[in-house]
Amino acid sequence: DQQVKQNSPSLSVQEGRISILNCDYTNSMFDYFLWYKKYPAEGPTFLISISSIKDKNEDGRFTVFLNKSAKHLSLHIVPSQPGDSAVYFCAASEFSGGSNYKLTFGKGTLLTVNP
Amino acid sequence: DVKVTQSSRYLVKRTGEKVFLECVQDMDHENMFWYRQDPGLGLRLIYFSYDVKMKEKGDIPEGYSVSREKKERFSLILESASTNQTSMYLCASSHGYEQYFGPGTRLTVT
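In order, the protein sequences belong to chains A and B.
Quick note on the numbering used here: the first sequence kicks off at 80 and runs consecutively.
Quick note on the numbering used here: the second sequence kicks off at 1170 and runs consecutively.
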C-alpha cells in the first residue's frame, strides 16, 4: 500500500507563473517531510523540508505547506523558471528511535516549465 | 559539501553475472541506503544500513544483498543478475532526515 502519493505524474506551467505540486500521505506517524528535485541522469537533490509541528516553510522561491488534518502537503514554486523543469519527489519519515531515518518516497511529478 | 560517489555511471552486464555496485560517502554518516528508480514507480528502497556491519531490508530486497565493512562504504550485490534488475540504482547517506544522493548507476542487464 502506497503511503506517500503524488497523484499527478506531470505538470506543465508557463515561465513566471506559480507551480503547485501536491502530495498526500496515509501514515499519521510521519513526522518530517521533504521535497527532492531530480534531473535526468543525476541523483536527487534536497530542496526543502518541513517538520510536522509546522504548517509552512519558505526558502526563496520555494514554499512547502503542510495540512496535517488532511494529510496533505504541497510545494509552491514562485516564479517558475525553465531550470525548474525536473522530476519532484515528495518524501516522508517516521522516527523509529536511534538513528533510523528511513524515508518513504512518492512516485514523483514531472514538472515542465515552458519559456 | 557532502559527496556521495558511485563506482560507475553506466554498466552493462549479462544475465547470471554477479554484479557489485559500490558507494562511498565522505561525511562520516551513520546511515546509508540503496534505492532503485524505475519510470512510474519512483524511488524504492532495497536495503539500508545504520552502522558498520548492520543492514536492514527495505521494500524490495529480493535478488540483492549488501555489505558494509567500513563506515564510508556501502556495496550492493546482485548475486545473479536478471533482466528485471535493469534500472537506475541510487545510493544515499544521511546523519538525520536529509539524505544525500550519489549520481546514480544506470545498470542494463542483457
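Because the hints were derived from the structure by calculation, they are not lab data.
Please read these numbers as outputs of a predicted model, since none were measured by experiment.
Ideal placement from N, C-alpha and C gives every residue a C-beta, glycine not left out.
Take these hints with a grain of salt, some might be off.
[What the hints assert, rightly or not] Label pairs and their calculated CB-CB ranges:
{"hint": "1", "chain 1": "A", "residue 1": "Pro119", "chain 2": "B", "residue 2": "Val1181", "range": "28 to 36 Å"}
{"hint": "2", "chain 1": "B", "residue 1": "His1264", "chain 2": "A", "residue 2": "Asp134", "range": "20 to 28 Å"}
{"hint": "3", "chain 1": "B", "residue 1": "Thr1279", "chain 2": "A", "residue 2": "Ala120", "range": "33 to 41 Å"}
{"hint": "4", "chain 1": "B", "residue 1": "Thr1184", "chain 2": "A", "residue 2": "Lys147", "range": "41 to 49 Å"}
{"hint": "5", "chain 1": "B", "residue 1": "Ser1176", "chain 2": "A", "residue 2": "Pro161", "range": "30 to 38 Å"}
{"hint": "6", "chain 1": "A", "residue 1": "Ala149", "chain 2": "B", "residue 2": "His1264", "range": "27 to 35 Å"}
{"hint": "7", "chain 1": "B", "residue 1": "Glu1238", "chain 2": "A", "residue 2": "Gln81", "range": "33 to 41 Å"}
{"hint": "8", "chain 1": "B", "residue 1": "Glu1238", "chain 2": "A", "residue 2": "Pro119", "range": "18 to 26 Å"}
Now for the hints, and whether the structure bears them out:
{"no.": "1", "hint": "A/Pro119 / B/Val1181: 28 to 36 Å", "in the structure": "violated (19 Å)"}
{"no.": "2", "hint": "B/His1264 / A/Asp134: 20 to 28 Å", "in the structure": "holds (26 Å)"}
{"no.": "3", "hint": "B/Thr1279 / A/Ala120: 33 to 41 Å", "in the structure": "violated (20 Å)"}
{"no.": "4", "hint": "B/Thr1184 / A/Lys147: 41 to 49 Å", "in the structure": "holds (47 Å)"}
{"no.": "5", "hint": "B/Ser1176 / A/Pro161: 30 to 38 Å", "in the structure": "holds (33 Å)"}
{"no.": "6", "hint": "A/Ala149 / B/His1264: 27 to 35 Å", "in the structure": "holds (31 Å)"}
{"no.": "7", "hint": "B/Glu1238 / A/Gln81: 33 to 41 Å", "in the structure": "holds (34 Å)"}
{"no.": "8", "hint": "B/Glu1238 / A/Pro119: 18 to 26 Å", "in the structure": "violated (33 Å)"}
Comparing the model with each earlier hint shows violations of hints 1, 3 and 8; every other hint is respected.
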